[in-house]
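J.: Based on the provided sequences and hints, a complete structural model is requested.
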Amino acid sequence: MMIQTIKTTPYGDQKPGTSGLRKRVTVYQQPHYVENYLQAIFDSLEGFDGQTLVIGGDGRFYNDVAIQTAIRMAAANGFGRVLVGQGGLLSTPAASHVIRHHKAFGGLVLSASHNPGGPDGDFGIKYNIGNGGPAPERITDAVYERTKVIDTYKTIDAPDVALDQIGTQHSGEMVVEVIDPVADYAALMETLFDFDAIRALFASGFRMTFDAMNAITGPYAHAILEDKLGAPKGTVKNGTPLPDFGQGHPDPNLVYCKDMFDLLMTPEGPDFGAASDGDGDRNLIIGKNRFVTPSDSLALLAANAHLAPGYKSGIAGIARSMPTSAAADRVADKLGIEMHETPTGWKFFGNLLDAGRVTICGEESAGTGSDHVREKDGLWAVLLWLNIVAVRKQGVDEIVREHWATFGRNYYTRHDYEEVDATIAGKLVDDLRAQLPSLPGKNFGEDLQVAYADDFKYLDPVDGSTSAKQGVRIGFTDGSRIVLRLSGTGTVGATLRLYLERYEAADGRHDLETQTALEPLIGLSEQLAGIKQRTGRKDPSVIT
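Residues 1 to 544, numbered by our numbering, are exactly what the sequence shown covers, in order.
These are computed hints drawn from the structure, not numbers from a lab. Careful, some of the hints might be misleading.
[Unchecked claim] Derived lysine-lysine pairs resembling DSS-like cross-links, with alpha carbons at most 30 Å apart: (1) Lys-258 <-> Lys-237; (2) Lys-15 <-> Lys-103; (3) Lys-233 <-> Lys-7; (4) Lys-469 <-> Lys-538; (5) Lys-258 <-> Lys-288; (6) Lys-427 <-> Lys-538; (7) Lys-15 <-> Lys-469; (8) Lys-258 <-> Lys-228; (9) Lys-457 <-> Lys-469; (10) Lys-393 <-> Lys-228; (11) Lys-427 <-> Lys-457; (12) Lys-288 <-> Lys-237; (13) Lys-393 <-> Lys-427; (14) Lys-154 <-> Lys-7; (15) Lys-393 <-> Lys-312; (16) Lys-442 <-> Lys-532; (17) Lys-288 <-> Lys-334; (18) Lys-457 <-> Lys-148.
T.: Structure follows, in structure tokens:
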């Protein structure tokens, strides 16, 4: 095998965000851009000579090109074997499971998650470590430092691998095994959930619709929901992964899944609706006449997890990202288990999961998962919901209402301001930070007294690492919160995310319209941060 060392020059914009390096496809298509970043990853790792690397992605535009590049570079850098999903496909949670199941050294996940795809869309590369989870900051920081000075990369002169052919091939001297992308994952799901109970649910006439959004979960949903569980053919919509996601936006929220929401609000609609995103790690849950917010879904899944075989002995603890509502905290308190608040980014859950401190994790951005993998998992959440519905023999709305009657309701919303001028966004957050020391004890209106105001800093209880400036928090004595942070998942400008939360006790009013219930906090957030005034935006880009 002839290893080629190719001269290159650094790019100045290869700093990984919350989940890898996400850029426009046109950025990735620049000469040596992919190669530089991949070599920086390999140069930041040790001890992988002869080891196994997992490679797969969500099928978006440019996946096929980048995967062939990654295979040749893995061979040149000394990996002994690559496992790659057929057609280059692997959902993010499936990739995590393949890494763990096959005891791989790590994996490359090629996706920009819920961001649009196509020639004018987005692309991304993320490195996952041997536990199946996203690389921690010590690795991503090292990768970024390496990208600044990289001057060569290694590859081999070898033909493309036939990604459509399951079986063993070679790239140079390295073994390349093309695997069924669904099989290992489907087998894992069968160990976690009561498939017989869910089959009986569908056999009883229960109807659902699942929108795969022309993205990666289509093959998984067809195989599990329709083939294994007996849901009628046609239950899965938009089930073929397309490079441009059918020119749609593969983000499972009420903006891009409005037709599903509208259908579930009608008498003739199905009993249950769900969707997942571009790479399969997010979920949307809608019952008949009831949208379940991601924050509520986390709390409900944790409270009912024992109904599924994989969690019948209970859960060790719960973790949530800081902007996620405190609904799950109340469940943890009642169960007498650990509760952890972490920065945004699934990588922060990894240590807690590996240490056995928590079992179920969630983010308000429609991500939930458990210790079965080290990524959030959209289809897992859907299957756990189906398991709960099947065992409790209740509809989603009834289950949600009973939960609120027990734990109270956390009214919650997120307002996104996308593609904001980065300088304006940064100054806005800095100015809000400057106000924080003066806020505790202040009263706003009749009901809002500030209990605390800080810039969230996380101390990892497992390894002692710290992560600062993770979002501005303003908390009130009644349990309400305002949170503002800059997101790391956009590819153009900056994304400002504003999170608003108000707690209503178990005996309170649980039927208010969410934006109405949060109106005082919406007004106060504008008074404190001036997002609309300073960005010139009349309304958020997206409200969830």
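J.: Determine for every hint whether it applies to the structure shown.
T.: These are the hints, each one checked on the structure:
1. Lys-258 <-> Lys-237: holds (14 Å)
2. Lys-15 <-> Lys-103: holds (28 Å)
3. Lys-233 <-> Lys-7: The hint is violated at about 53 Å.
4. Lys-469 <-> Lys-538: holds (27 Å)
5. Lys-258 <-> Lys-288: The given pair, whose Cα atoms are some 14 Å apart, holds under the 30 Å limit.
6. Lys-427 <-> Lys-538: Measuring from Cα to Cα gives roughly 19 Å; hence the hint holds.
7. Lys-15 <-> Lys-469: holds (17 Å)
8. Lys-258 <-> Lys-228: This hinted pair holds, its Cα atoms lying about 28 Å apart.
9. Lys-457 <-> Lys-469: holds (6 Å)
10. Lys-393 <-> Lys-228: Since the Cα atoms of Lys-393 and Lys-228 sit roughly 21 Å apart, the hinted pair holds (cutoff 30 Å).
11. Lys-427 <-> Lys-457: holds (20 Å)
12. Lys-288 <-> Lys-237: holds (18 Å)
13. Lys-393 <-> Lys-427: violated (52 Å)
14. Lys-154 <-> Lys-7: holds (9 Å)
15. Lys-393 <-> Lys-312: holds (18 Å)
16. Lys-442 <-> Lys-532: holds (23 Å)
17. Lys-288 <-> Lys-334: Status holds; Cα separation ~28 Å.
18. Lys-457 <-> Lys-148: holds (27 Å)
In the structure shown, a violation is registered for the earlier hints numbered 3 and 13, in ascending order.
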